[in-house]
Every structure is written in structure tokens, then in C-alpha cells.
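In case you want the letters, here they are:
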Amino acid sequence: MEPVVSVRGLSKAFRIYRKPWHRALDWMGIGKERFQPFWALREISFEIGPGECFGIIGPNGAGKTTLLKILTGVLDPTAGVFQVRGKVLSLLELGTGFNMELTGRQNLNNSAWLLGFEARYIDKRLPDIESFAGLGDFFDRPLKLYSSGMFVRLAFSMFVFLEPEVLIIDEALSVGDIFFQQKSFAKMREMISGGTTCIFVSHDMAAVQNLCQRAILLKQGEIDFSGDAVEAVSRYYGATGSQGLHPSQGPDRFGGAGIKPPAVKEERGIRPAEIMKHNILRNEPHRHGAGGLKLVGASVTDEAGRPRLSVPILGKLSFNILVRATSAIKDPSCGIHLYDRLGNLVFAGGARQSGYRLPDLSPGQKLVVVLAIRFNVQPGEYTFSLGVAEPCSAGGPNSGFLHDRHELLGPVTVTADRDRLLPFHGIAQLPMSLNHYGPTE
Amino acid sequence: MIDSLWTYRKFIWGNAWRELWFRYAGSGAGFVWNAIHPLFQILLYTLVFSQLMHPRIPNMPSSFGFAIYLCSGLIPWMGFHETVTRCTGSFVANANYIKKLPIPEQVFVGQNALSCCMNLAMTAAIFAFVCILLGHPPSLSWLALPLVLASLEGFGFGLGLFLGVMNTFFRDIGQALVLVLQLLFWMTPIVYMSSILPEWARRMLYFNPVFYFVDASQRIVVECAWPHWSSFLIMFTIATLFCMLGYLTLMRLRPQIRDAL
Numbered sequence: 000m001e002p003v004v005s006v007r008g009l010s011k012a013f014r015i016y017r018k019p020w021h022r023a024l025d026w027m028g029i030g031k032e033r034f035q036p037f038w039a040l041r042e043i044s045f046e047i048g049p050g051e052c053f054g055i056i057g058p059n060g061a062g063k064t065t066l067l068k069i070l071t072g073v074l075d076p077t078a079g080v081f082q083v084r085g086k087v088l089s090l091l092e093l094g095t096g097f098n099m100e101l102t103g104r105q106n107l108n109n110s111a112w113l114l115g116f117e118a119r120y121i122d123k124r125l126p127d128i129e130s131f132a133g134l135g136d137f138f139d140r141p142l143k144l145y146s147s148g149m150f151v152r153l154a155f156s157m158f159v160f161l162e163p164e165v166l167i168i169d170e171a172l173s174v175g176d177i178f179f180q181q182k183s184f185a186k187m188r189e190m191i192s193g194g195t196t197c198i199f200v201s202h203d204m205a206a207v208q209n210l211c212q213r214a215i216l217l218k219q220g221e222i223d224f225s226g227d228a229v230e231a232v233s234r235y236y237g238a239t240g241s242q243g244l245h246p247s248q249g250p251d252r253f254g255g256a257g258i259k260p261p262a263v264k265e266e267r268g269i270r271p272a273e274i275m276k277h278n279i280l281r282n283e284p285h286r287h288g289a290g291g292l293k294l295v296g297a298s299v300t301d302e303a304g305r306p307r308l309s310v311p312i313l314g315k316l317s318f319n320i321l322v323r324a325t326s327a328i329k330d331p332s333c334g335i336h337l338y339d340r341l342g343n344l345v346f347a348g349g350a351r352q353s354g355y356r357l358p359d360l361s362p363g364q365k366l367v368v369v370l371a372i373r374f375n376v377q378p379g380e381y382t383f384s385l386g387v388a389e390p391c392s393a394g395g396p397n398s399g400f401l402h403d404r405h406e407l408l409g410p411v412t413v414t415a416d417r418d419r420l421l422p423f424h425g426i427a428q429l430p431m432s433l434n435h436y437g438p439t440e
Numbered sequence: 000m001i002d003s004l005w006t007y008r009k010f011i012w013g014n015a016w017r018e019l020w021f022r023y024a025g026s027g028a029g030f031v032w033n034a035i036h037p038l039f040q041i042l043l044y045t046l047v048f049s050q051l052m053h054p055r056i057p058n059m060p061s062s063f064g065f066a067i068y069l070c071s072g073l074i075p076w077m078g079f080h081e082t083v084t085r086c087t088g089s090f091v092a093n094a095n096y097i098k099k100l101p102i103p104e105q106v107f108v109g110q111n112a113l114s115c116c117m118n119l120a121m122t123a124a125i126f127a128f129v130c131i132l133l134g135h136p137p138s139l140s141w142l143a144l145p146l147v148l149a150s151l152e153g154f155g156f157g158l159g160l161f162l163g164v165m166n167t168f169f170r171d172i173g174q175a176l177v178l179v180l181q182l183l184f185w186m187t188p189i190v191y192m193s194s195i196l197p198e199w200a201r202r203m204l205y206f207n208p209v210f211y212f213v214d215a216s217q218r219i220v221v222e223c224a225w226p227h228w229s230s231f232l233i234m235f236t237i238a239t240l241f242c243m244l245g246y247l248t249l250m251r252l253r254p255q256i257r258d259a260l
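The listed protein sequences derive, respectively, from chains A and V.
When the first sequence is numbered by numbering that gives the first Met the number 0, its final residue is 440 and no position is left out of the sequence of numbers.
When the second sequence is numbered by numbering that gives the first Met the number 0, its final residue is 260 and no position is left out of the sequence of numbers.
No lab work stands behind these hints, which were simulated from the structure alone.
None of the values given here were measured: they were computed from a predicted structure.
Don't take each hint at face value.
What the hints assert, rightly or not - Using 16 Å as the maximum straight-line C-alpha spacing, the simulated EDC-like pairs for lysine to aspartate or glutamate come out as follows:
id: 1; chain 1: A; residue 1: Lys329; chain 2: A; residue 2: Asp359
id: 2; chain 1: A; residue 1: Lys18; chain 2: V; residue 2: Asp171
id: 3; chain 1: A; residue 1: Lys123; chain 2: A; residue 2: Asp75
id: 4; chain 1: V; residue 1: Lys98; chain 2: A; residue 2: Asp75
id: 5; chain 1: V; residue 1: Lys99; chain 2: A; residue 2: Asp169
id: 6; chain 1: V; residue 1: Lys9; chain 2: A; residue 2: Glu117
To be verified - Derived, one-sided and incomplete: chain V residues facing chain A with beta-carbon distance under 7 Å:
id: 7; residue: Phe21
id: 8; residue: Tyr96
id: 9; residue: Lys99
id: 10; residue: Pro101
id: 11; residue: Glu198
id: 12; residue: Phe241
id: 13; residue: Cys242
id: 14; residue: Pro254
id: 15; residue: Arg257
Think of the CB as a built atom: it goes at the ideal place given N, C-alpha and C, for glycine as much as any other residue.
Turn these sequences into a full structure, and let the hints guide you.
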């Protein structure tokens, strides 16, 4: 089938001038060109077929927005070609054409026209938009009286009912109340199944995995990976988790998440060097504690021993922690706190709570502790903190003397296949047994 | 460029009109303020220069002579001033749209220029009305006034387009413009008459493009005479040249504008 969006060798360079007047000299062609090109995009190529939902992911500054702006015609590419068959609408434009003095209805007419739709077509769609937005009387009142939620509802309603051939969705969707969000997602799915080609740009990885079949992972303006959306997300986490910690290791360090054969786990357990290679501990800002016992490094691996930060629901991840004593430590404990996206503590536990006695340490000694956790929790993103402690002389059995703790690590993504029966609903799976008696007559 | 302005005519027209309409939104008199402001200004000048001060205009016996002379130069100048200033700022002011919608940049300049045009037209109409009341009824030659003002606005649009493009890269231009326009104002015979200038300064006037427009307007209003056809030629040439300058600059730098905003 002929692709709806095809992009070949697309590159975009911004001209960075050290002095503003260098630009003027360049215009006049005096001397050699003085700007430093900043390549926001380099040699991007992909194709999207009709009715496909395509994901674009990548860390901040990877070039996602620039790419979208080129596709919608706002920016011109420096090199390469792209072709989009049909009308493109992007949520980036959500509400930009709106005038606060006009009513909702007048604004719809005005901005839909701005986006290139015929007046007659808009008139035909107005009743649908009005009922979807659910603004009641406010639909005929000036925008300045709207709450910010109403504003978004109006904009989004317009957007979906104009039925573009290609729909570009970005973070803007995570606004409005939860009911409207759910309504919007349902509408989007309906559009996608109705044949609208969709480009989905998001940091919400669960949503990307959920909605998209294929995705590209952008990294510093280049395609780092192109293909299956699930793998792209997995690589995204591989890329962000170790970002910037080992600049000397070269591009290869991002490969660990998906393509390499699983590292064979040694019988003696995981080696400190291996932990350090995939270290996820970030530097100082979210770290505290007395420091007699230090967290040197930590890695997160799946059941096959591959470093990764995503796990299917009910799957297991190992948190491999390397600690070093700087003073004599008696009866150390090492533990983890797990928080959900709302900041609720979902689970905290360590050696002491589990009744596991770790060996005493003398200054300079190192120890690897492996915490294996089965994620019997609902799909979503979780952050965690890792810490080491000693029993506290004062207080009850539940207090400890904290030596070192790293906060805000992760996130770990717990994924679920929506097409299959979820093993449970709710925050977490509690141990449950079932019995039945009968049937009796 | 003209075809893009034509394609977006509805947008330009709608926004320019709406701007006049909503400039005084929320106030009781609303739209009427658009008329009250210039009317008040004209009456104030008339009062000051007929009752308090009496500068005399040659060949004009009426005590309102100087006030009429002043307004006939000041009104075109204010229109020009507003057009250049607003067009220069239009890319930066509309950065939000330009960065997000694939609308040609010149549309925003056009919208600003049109809104200034409407303002100027309204002020000129009020002025004509005041002139009747003051016993200086418009003559047939006033028919040439719209032509003069339109070419002045064309000049302002072209200059504003050029400066607007520059202003996206060098924001100092918007600031410097305030000073330059002030200088230009005093270099143009608006509050004084060119006859009081020494010979060398009078010759300098011919290098001031605004002079031709202001002079034509004063001639029409004060002397009730038709401007010389050559002055029309000059005015059209100036307007065309500046529009070309703005257009060529925009075409050459267009790809960089959105990157720089």
C-alpha cells in the first residue's frame, strides 16, 4: 500500500551564531560563513502506511518537536524530502488560533478555517463538536470566561472532529479532567480504527506501547532505532537509564537493552564490574545519609540477566546493589522503596524486614546484594530509592540508622498486554486462594 | 506574496477589524472610543492653537489656520508611525502563531498594516468633519487625499516588513526605531512650516521620504489644491521601492525567521 507519510533523508540544521552581527555579515556574503550548524535532525527516514499508528519517542531535545513541525509545514527542512498525503493536524496547534474575545462557536469557525478547512465543512461538523465538548451555554460565550479545562475541551473537540487524514498527537493530551481524557482516548482509538493515520509523540511509554505498532526512537536528532514499538520503548529505557554516566563507552552502551544475547549469569552471582557497567545511580542531588556504608553502584536486570527497566506485570526484576563500607559495619541492611506515579509508597523492604542476615563489614570491604522483586502491581511507572542502613541503638525494631540513600531512581515501567486478561485489577495483587463447593442439587 | 495575502484575506480582514472592535472591549462606549480619541485630539489642538496661541499661516486668515495645518501633517504622520512600529513588531508579537501554524509570515504584517489603515481612515474622516465645522469645507482636491494616505500606508507596510524581518534577528531594531522615528518627526515640517527653515535644511527635506506625503497632504487640506502629478509619481515610487525591499528581504530570509523566533 502506498504510504501516507514518507520521509526520506530529512535533516534540519539551525544556524547558531556566536555574535548576532555575524548573521548580518553572512547575509551580505562577506567572508566565509560564520554560523555553526546545529543539527536538530539528521538523515531521518521512515514511512507510515494508511491507518497506522506510529510512535516517535526519545528523550527531551532529541528532535521530536522539530520533526513534527516540519511535517506540519511550520519549519522547512535543510535537506531531504517528505511527503504527506492529505490534511495534517497537530495537537501542537491546539488552541493557538483562538481569540479570547470571541465565543467558542466563532473561534471554531475562525481557526478551523485557518487550519485550511472549508467553511461549509465546518458548519456541518459544528453540532458534533458542540456535543462532544459538552460546554453547554459556554459554547456561545467568549473564551475569556472559560476555565482552562473548558479551553482544552473546546480545542480538542475541534481537533478530532475535523477528521484530518493524519493526526499528530503529543503531550497536550494529558490535560483536562480524567473523564474528558478517557473520552478523548476512546475517540482517538475510534479514529485510528476508522483509518486515520496517527503519529503519537509522548513520554507516556505505556501509551506508546499500547497504541502504536511501530515506532522510531530518536536520539540527538538521529534515528537510534526504528521498528517494533515495544522494542523501541525498551531501548528508550535502556538509553535514558544509563544516560551520561559512562561517556567513554561509546554508542555500544545503549545496545544492552534489546539486541545483545543475555549475559550468562555466573554461578557465583553478579560481578561488581557488571553492576558498574550498567550503573543506574545518578549523582548527588537526591542522595543523603551518614555515609559509613556507601552505595557504589546498582543495576537492574530482568530474569535473563539483561539490564532493563521495564517488566511485564507479574514479572521479576533484580536490583543488584554494590555497597562499600568506609567504617566497620555490624549487621547491615540494604533495601528498596517503590513509589507509584502519584508518589504513594507502594512497597518498601530490605534485608532486615526479610530476616536475611548480611555479613558484617570492615572498612574497605565490598558486598553485592541482589534484591529480586516480583512486580505484582498494576501497570504503570514506578520510581524507587535504594538505601543501606544499620540497626539503630535508639527506637524500636522498625527504626534504622541510615548510611546512604539514593532517591528518585528509575522509572521502572510495568507493562501489560491489553488484549489479554489482566491477572488482577487494582493497585496490587494480594495473595488470594480460591475454593469452591458444589454444585449441589 | 500578494497571492498569499489574498488567500488569507479573510483572516487579515477579520483580525484587523476585530482589533479595532475589541481594542476598547469592556469599556462602556466600546467601539466609539476609536472615534473619540482622534476627535478629542483634533479639538484639543484646535482650541490651543486658536484661542491660546496664534501662530499665523500665510494666505489663511482663519484663526483655525494653524490647527488645520498641524492636523493635516500630524494625522498622516501618526498613521505612518503606527504602521511602521506595529509592522516591525508583528513577527515577534505573533511568534506564537508563526511557530505553530503554517501561515505565511507576511499575513501578520498585512493584518497590522490594515488595522492601522482603518484607524487612519477613520481619523481622516473625523478631521474632514471637524474642518466643515470650522468653516474650512473640504474641496474637490480632497479626493486625492485617500490616494496620498494609501501610498503612505504602502510605504509604511514595506518599511515595516523589512524592519520586522530584521527585528526577529536583531531585537534592538524595535528599540532604535522609536528614536529614529522621533528624529524623523522633527525633520519633517509638521509642527513648523518648511518656509522657516534655512536654505540648506530645506534642501535636506528632499532626502526625507515622509516629507513628500506630508507635504502633499498639507497642500490638499490647507491650500485646497491638487498636488503636482510628479509628487504622486514620487510617492508611488517610494511605496513600491519599500514594498519591494520588504518583500525581497522576506523571501531571502524566510527560512531563517521561524528558526530564530
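Comparing the hints with the structure gives:
{"no.": "1", "hint": "A:Lys329 / A:Asp359", "result": "holds, 5 Å"}
{"no.": "2", "hint": "A:Lys18 / V:Asp171", "result": "holds, 14 Å"}
{"no.": "3", "hint": "A:Lys123 / A:Asp75", "result": "violated, 33 Å"}
{"no.": "4", "hint": "V:Lys98 / A:Asp75", "result": "holds, 12 Å"}
{"no.": "5", "hint": "V:Lys99 / A:Asp169", "result": "holds, 13 Å"}
{"no.": "6", "hint": "V:Lys9 / A:Glu117", "result": "holds, 12 Å"}
{"no.": "7", "hint": "Phe21", "result": "holds, 5 Å"}
{"no.": "8", "hint": "Tyr96", "result": "holds, 6 Å"}
{"no.": "9", "hint": "Lys99", "result": "holds, 5 Å"}
{"no.": "10", "hint": "Pro101", "result": "holds, 4 Å"}
{"no.": "11", "hint": "Glu198", "result": "violated, 37 Å"}
{"no.": "12", "hint": "Phe241", "result": "violated, 18 Å"}
{"no.": "13", "hint": "Cys242", "result": "violated, 20 Å"}
{"no.": "14", "hint": "Pro254", "result": "holds, 5 Å"}
{"no.": "15", "hint": "Arg257", "result": "holds, 6 Å"}
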